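*Asks:* Protein chains in written order, with our numbering: chain A, -5 to 236; chain B, -5 to 236.
Please keep in mind that the hints were generated in silico from the structure rather than gathered at the bench.
All of these numbers come straight from a predicted model, not from anything done at the bench.
You may find that some hints are simply not true.
If you want a taste of the chain B side facing chain A, the calculated C-beta under 7 angstroms gives, among others [what the hints assert, rightly or not]: (1) G45; (2) A99; (3) F102; (4) R124; (5) L127; (6) V138; (7) Q216; (8) R218; (9) Y229.
Residues from chain B that face chain A, not an exhaustive set, calculated with beta carbons under 10 angstroms [to be verified]: (10) T112; (11) H190; (12) T228.
Computed footprint of chain A on chain B; a stretch qualifies when at least three of its residues, placed anywhere within it, have a C-beta under 8 angstroms from a C-beta of chain A [unchecked claim]: (13) 27 to 38; (14) 56 to 63; (15) 85 to 92; (16) 128 to 134; (17) 153 to 161.
For every residue, glycine included, the Cβ atom is placed at its ideal position computed from N, Cα and C.
Protein chains: 2
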Amino acid sequence: MPANLASALITKLAVSNHLDGDDIRAIQSLRIRERHLGAREIIVADGSRPGECCLIVEGFASRSKTTADGERQVLSLHIPGDIPDLQSLHLGIMDHDLVSLSPCALGFIAHAELTEVTARHPHLAAALWRETLIDGSIFREWIVNVGRRAALQRMAHLLIEVHERLEAIGRTRGGEFSLPITQIDLGDCLGLSVVHTNRTLQALRGERLVETDKSGFNLLDQERLKELAGFDRTYLHLTPSS
Amino acid sequence: MPANLASALITKLAVSNHLDGDDIRAIQSLRIRERHLGAREIIVADGSRPGECCLIVEGFASRSKTTADGERQVLSLHIPGDIPDLQSLHLGIMDHDLVSLSPCALGFIAHAELTEVTARHPHLAAALWRETLIDGSIFREWIVNVGRRAALQRMAHLLIEVHERLEAIGRTRGGEFSLPITQIDLGDCLGLSVVHTNRTLQALRGERLVETDKSGFNLLDQERLKELAGFDRTYLHLTPSS
DNA sequence: CGGACTGTTGATTCGAATCAAAACCGGTGG
DNA sequence: CCACCGGTTTTGATTCGAATCAACAGTCCG
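Turn these sequences into a full structure, and let the hints steer you where they fit.
*Replies:* Encoded structure:
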């Protein structure tokens, strides 16, 4: 019901899906419980069995896993409009953590509510399924990123990805975008140590490719960055029915 | 129609889903076009727009991406009962290759056929959605594997994963299982060079943890391997509605 | 002001890549 | 039957990218 909560979801879904009036009304009729969190709070914990899904209305979140010997790996970054734990609707048990990066406005939607709405709106169900598939596609690219790209390319690739995704929902100003992430977490995204993350970032700055400040990044030369990273946006599936 | 084709799918789906008689009849009524391929053939190519999904009836396949500068990364390994390109049903364009590892018996099912059956059987649709979510969960673990585990742990983790998945569909004899993969491809799974893959495998053999032959592996001490790899099977979601 | 966290720097070590060559293996054809 | 071929596995030597170790500086905040 609160228009602003649902609208974040509608904007995001519309990037990759054709939504008709019926779908939009169905989304607007969802009961969404609003909640506000600070930075670095656990939203949903590994091993838990959530009964609702979490929509990011404002702010940033990440999903991560910690290995048996305490090494952390970030699996994905999430932006407004994302439902990072949509998979919990059908998987039941969480196999990773969902954590806020920045202070967040979140909307929680009960599984029962989603089950019901997808049953009555198969087209919307397909759109949500598609969102989880795009999620999977981004995971695949991250496997390539940590598996086969050198540190510099790896970081460039990540920054372009986030820029493209934010651009699609209208949250960039040129090459600039907000992403309040520490170098520690950035390293955990890239499978690098903090020290090397720091040096790699300096290299990108030195090449005049990227500027950073506390709250975000500025991509100074997107063309050259894409060239460097070997970036191909296909995997983001940012247009409907592509 | 051909019972043996559908039964591979039924066996696999039943591992992670509760299927009722209606679901099973729906699967058995699917029109599945059978095809046989040799080893190392491209089943579906990156960039293509397939009109059907590919069920593995017999044999093994892998999905992989190649970076701009020619580095290959394997994203997943697939076993009988898997539909490795199920995501194409909703994503349209392939963002990676699907390739046979061994000679395969495949069953192709038209997208239209799947769309129709999922519309009429929402419970089956949920099961297929769930399969794609498990796919995604395995990708997440692979990100951790290449991002944060050392070569020895990494290889141990992969071998245990494949063993667990094959065991669930009844295709292991104790620690033994078939997986006809070259060290080149194994390296591409793990983000390692062939040389280092070879040495890592020798280390596992030296520890009397693993035996290999042309066609597969024998895990000599699963407990110790799991301990070494820090293996937690949760992410495989091998029980229904867990 | 002090403390906790984050960012930065330098020195050193180490795991894995690379380079290069040889051994092995199954298939093929003379 | 054996020579040969391409692909794969193995070995050794060397290099290199990134991790680790160890300080120190910067910043935010109570």
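*Asks:* Would you mind marking each hint as holding or not holding in the structure?
*Replies:* So, going through the hints one by one against the coordinates:
Proximity of G45 (chain B) to chain A is violated relative to the hint, the smallest CB-CB distance being about 14 angstroms (cut-off 7 angstroms). Contact between A99 (chain B) and chain A, as hinted, is not supported at the beta carbon level, the nearest pair being about 26 angstroms apart and thus beyond 7 angstroms. The interface hint given for F102 (chain B) is violated, since its Cβ lies 20 angstroms from the closest Cβ of chain A, which is over the 7 angstroms cut-off. Nearest Cβ of chain A to the Cβ of R124 (chain B): about 4 angstroms, under the 7 angstroms cut. The hint holds.
The beta carbon of L127 (chain B) is positioned within 7 angstroms of a beta carbon in chain A (closest approach about 5 angstroms), and the interface hint is therefore held. Satisfaction of the interface hint for V138 (chain B) is found here, the shortest Cβ-Cβ separation to chain A being roughly 4 angstroms, below the 7 angstroms cut-off. Proximity of Q216 (chain B) to chain A is violated relative to the hint, the smallest CB-CB distance being about 16 angstroms (cut-off 7 angstroms). Among the interface hints, the one on R218 (chain B) is violated; its C-beta lies about 14 angstroms from the nearest C-beta in chain A, farther than the 7 angstroms criterion.
With its C-beta approaching chain A no nearer than about 4 angstroms, Y229 (chain B) sits inside the 7 angstroms limit, and its interface hint holds. Interface restraint check for T112 (chain B): the shortest CB-CB distance to chain A comes to about 8 angstroms, inside 10 angstroms, so the restraint holds. A cut of 10 angstroms between beta carbons decides the hint on H190 (chain B): the least distance to chain A is about 13 angstroms, and the hint is violated. A least Cβ separation of about 5 angstroms between T228 (chain B) and chain A falls short of the 10 angstroms threshold, and the interface hint therefore holds.
As drawn, the segment 27 to 38 of chain B meets chain A at 0 residues by the rule of a beta-carbon pair under 8 angstroms; below three, the given contact is violated. For the segment 56 to 63 of chain B, the stated coverage by chain A holds: 5 residues have a C-beta nearer than 8 angstroms to a C-beta of that chain, and at least 3 were required. Counting residues of the segment 85 to 92 of chain B whose CB falls under 8 angstroms from any CB of chain A gives 5; the rule of at least 3 is met. Counting residues of the segment 128 to 134 of chain B whose CB lies closer than 8 angstroms to any CB of chain A gives 6, which reaches the minimum of 3, so the coverage claim holds.
Using a Cβ-Cβ cut-off of 8 angstroms, 0 residues of the segment 153 to 161 of chain B lie near chain A, which falls short of the minimum of three, so the contact claim is violated.
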